[in-house]
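J.: Here are the chains, one letter per residue:
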Amino acid sequence: MPTVILMDVSLSMTRPVSLDGIEEFQRKNLAVHGLNMLFEHMASNYRLEFTALMAFSSLWELLVPFTRDYNALQEALSSLEDYDKTCVESALNGVNNLVQQEWGSACPCQLVLVTDGSLGIGKGSLRHSLQTLKHRGDDKKFPLPFPFPTKLFIMCVANAEELQMTDAMDNLEELLRLSGGDGQIFTMDGPLCMKSVQGMFGRLIDYAYSPFHAVLHCGNLSSDVQVFPRPEPVVMDEEVEPMPRTVNVDEVGTGATDELEEEPSASQMAGKSPNFCVLLHGSLKVEGMVALVQLGPEWYGMLYSQADSKKKSNLMMSLFEPGPEPLPWLGKISYLGPISEAAENPYGEDDSKSPFPLQPQVKRSYAQNVTVWIKASGLQTDVQKILRNARKLPDKTQTFYKELNRLRKAALAFGFWELLKGVADLLERECTMLPDSAHPDAAFQLSHAAQQLKLASTGDSQYAAFDHNIVPMHTDFSS
Amino acid sequence: MKMFSVAHKTVFVVDHCPYMAESSRQQVECDVLTKSRAQGVIPLAPVSKSLWTCAVECSMEYCRILYDIYPKDKLVSFLGKSNVNYIVSDSEFHILNSWRREDQSTHELMSALAAVGPPNPREDPECCSILHGLVAAVESLCKITELQHERRTALMDTAERVANRGRIICLTNAKSDTHVRMLEDCIQETILDQNKLAAGSDRLMAIQQCELVLVHIYPQGEDTLVSDRPKKEISPLLTSEVHSVRAGRHLATKLNILVQQHFDLTSTTITNIPMKEEQHANTSANYDVELLHHRDAHLEFFKSGGAVGSERDLHMAGTSTRENGLKETVTLKWCTPRTNTIELYYCTGAYRISPTDVNSRPSSCLTNFLLNGRSVLLEQPRKSGSKVISHMLSSHGGEIFLHVLNSNRSTLEDPPSISEGCGGRVTDYRITDFGEFMRENRLTPVSESTHDPSGKLPAERAKAQLERHTRYWPMIISQTTIFNMQAVVPLANLIVKETLTEEDVLTCQKTVYNLVDMERKNDPLPISTVGSRGKGPKRDEQYRIMWNELETLVKTHAGATDRHQRVLDCIIACRSKPPEEEERKKRGRKREEREDRTEKNGNKETDDKSWQESERLKGLLDKEDQESEVIKDSPDSPEPLNKKPRLTTEEVQPPERAKGPVSLLTMWTNRITAANSRKHQEFVGRASSVNNKFELYQHLKDENGMDVHENGKASR
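Protein chains in written order, with this note's numbering: chain A, 1 to 479; chain B, 1001 to 1716.
Keep in mind the hints are simulated off the structure, nothing from the lab. Wrong hints could be hidden among the right ones.
What the hints assert, rightly or not - From the structure, some residues in chain A lie toward chain B, with a derived Cβ separation under 7 Å:
no.	residue
1	G104
2	M289
3	Q359
4	V362
5	Q380
Said to hold, decoys possible - Chain B is nowhere near these chain A residues, computed Cβ spacing over 10 Å in every case:
no.	residue
6	N36
7	L130
8	E162
9	Q198
10	Q306
11	L455
Beta carbons are placed, not taken as given, at the ideal position from N, Cα and C, and that holds for glycine.
Chain A extracted, bound-state conformation:
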């Protein structure tokens, strides 16, 4: 999950912090110290994540666009300048633009707002923004909640008591609520010093930046893995299953299928001693297979080899939506069994076939030639089809009756008896218009069909049963 660091560089951040008179620091120095600690942690544990650095006062400026280069981020921190007053709203607009342009609105994003809790004065201050929240036009809406899923972490280079003396804490809490409630406000414990700022960023790291370690099992073969980005808990149904589903850290097992498909939220995983992941990756790549992986009860995903254009490839894990049947064409995962139990290999001895995809029990409407007469053209087409075949009797006897019965069934279901009578009339007319050269059977079949339709149109249960079909009249002209 990408992170945007939003650093307050207003004048109030330059307020000095006295440390028993030994050395003087500005709040800004403490904040930079904390961020450096975060960047160092990410460089060693989260090096595949993207982070951007933005500084703001009354204006905002993107200092480092999304990168995995943590040195660049640290360098930018070391050359921060001081500006005027704090204006959170415009900075949030900047974050919104930045994230949407880079990742779109579906990618979840973390925002770390580093401030001293002095949130500006007058117009543009957070207090002012929140007070005017309800009196805005569509063009000047408050940027929160962002269109993308957001985790908001507010790092206050101040302690809680200081923030509670003004309405700063209330405003920050309101900000967190507006962003969707996912996140936390961190404050400093005790006096403002290097130690307490380390403590605060340490808590953030534990909360949101702990690496995700897991063990990948395949029977007795196993391998320790780290997963980027870490799989986030999912709430399936707030009513029936209010507890979020989380990935159980070491219950990952694989089975193999060769269905190749793609699904939500892909995550990716990372000497000389043999490692099962490398073996698995190599074989998946060579065989063009994917492995099914179980992450928890009724939560599955798949492992496969993904190559980029530069011929580098790695083992990727894609998580499916939790549930017993994440991909309908595989059926219930718990009902996938080993092929050794099957009477004959469902993949064929030479891998020429596959038991997948599973067909649904009932075909979808577009796959079963349904009858819809909502538009007049639908009805006209069906009637014309019957007439076309009627003129080619007896060659087209089968098709003629098939189309006739399809129309009959629909007319009976829709209670459209008038149509049955109408089509019967049409068939009788066709009968009278038969050319002299016509086969004698044509006349017999036409009048037989017309008569059967008329009987059905009475609703008489003997002739109007839905499952009943009009069968061709038995004739014999061979002699």
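Starting from the known structure of chain A, arrange chain B on it as the hints suggest.
T.: Relative to the frame of chain A, chain B by itself:
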């Protein structure tokens, strides 16, 4: 996201009273005469649908879309309202289907509707009322569905989390606004009554929320007597809305909008579909097809709609408003099919579709194209700039899905190569063998009705098979001898099976005899020479390594069945046991050689490697927890002990089995002891003892013909 929202249960109540037999006055010309045949033929008078036919076909269309997109767990119950005087008072309504899953298909509904037939216009209207149907609808909503039952059973003590909500769609011809209010009041009262009943029943559930959608249908050319009214709350349990619609096309449009609202659907129009003309097969024109699907397929579009930047404004150009602003559709452009799997990796979701106009020619051309296994990439229409592919249509198993492709930058870009990670520098992985292993462990769907005697689900059985197949599975070529030998394949394939047949045992034994034969003929073995310079171990050493490994493999399965055990017995009995004399000579020679080699190499790579190997195997066996025998498959370890008598499985563990890493001292002591032991002839009893015990008077057993293999003495 709620599993049991009002969308879980939908009840259709269609008025079957005499006035519904009235004509909709929308005429359909179904006798289209071609010019050549027109002379002297009187065309058939146009037919017109009754209000009943209009109501039924539009509600069937609602169900068709619903079942296409939600084939499970969104249920419809259809009530055809019949006359009061039809039969006695308790059967004045027809329930056409139940909540059971097998009843949920358009075919079932059509069949039931045909049985009901159209209303009889000669019935006495005074005796008829839609009310009976509405009361039955409320009763029906109280009935528990299979899914509700499953979830309640699964949740046990928190079963109350399973909610019961539902929607009633009533298609009727109401008399006035007052009539509508009367119907609402009646439903409200029925809900209260039914909830009281449900409180005392296991198979009924009280209704927590009910949404009434009343659609008043009137013939074309008439004025409506009922006014439209948006959704309003009648009580905390009941909301109601009224739609007054002319029969025919307008009703169809209305129900199409309703199904979208009710089930979070949205519409996409695929434009520029090239299609051969029906009449002139050599020309082709471009067509549009409209599809319905869950609105999440356009989440990105809806969220960013007009929000930021000029690019997003262009998206808006893809939205067109039709049917008097009631309906919106997102336009996407057909891209000539091609296959490039790279784009599939960033697929973020797949949604079922249903064509709005299912049997029109363009629709069926598109759906057949997709059902035949082809895919279509869809592009966002833009006035300028690069082309952005945002979706893909493709079918899986007879169902068509709209796939959402990530068109933004991916956070997964530029992943490191796996060779940069742990184990990435190892070059002799058994890639081909593991590929074969995966193919043997592939999965296949198992019918839910087949019952396995073990009581285990198929997936559990697949995992158990994985476990068996990996008990001994060296990952690299230089770690194994037996898996590099074609001669071992039959045994290696069979021994991992859960049960063996007599024939299997025979095949395994044959494999072993074959190996013995190879050894006698002194055939070379594919022993890895990695880590040791020169030619590697001598031939007899090679065979000992091979036999030790084979024994290790089979031992991990020996506990499974007696037949597995017999394969192990066979190996122990058959493996090389040179005569004592020769053995001694050889040992002398070997010792000298070894000292030589150690000096030359100045290190003990071979030893290190074999230590790792045996430690690893021990770890494996510890897991198994059933074998208490010592594993010695390093070339330097003493001859394997004889197979112990089965009775003594609870014996004290030999010192080598002590937990934890082995100290250098122990290693050294073992080595010296082993070396010393070669300088004198060991007592027969000690040499062949098991855990320092030796069974006396064995010959008696032999003479009785029992268990000739018992002490590992080859009997061949």
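J.: So, for every hint listed, does it hold in this structure?
T.: For each hint, the structure was consulted:
no.: 1; hint: G104; in the structure: holds, 4 Å
no.: 2; hint: M289; in the structure: holds, 6 Å
no.: 3; hint: Q359; in the structure: holds, 5 Å
no.: 4; hint: V362; in the structure: holds, 5 Å
no.: 5; hint: Q380; in the structure: holds, 6 Å
no.: 6; hint: N36; in the structure: holds, 23 Å
no.: 7; hint: L130; in the structure: holds, 21 Å
no.: 8; hint: E162; in the structure: holds, 36 Å
no.: 9; hint: Q198; in the structure: holds, 28 Å
no.: 10; hint: Q306; in the structure: violated, 6 Å
no.: 11; hint: L455; in the structure: holds, 14 Å
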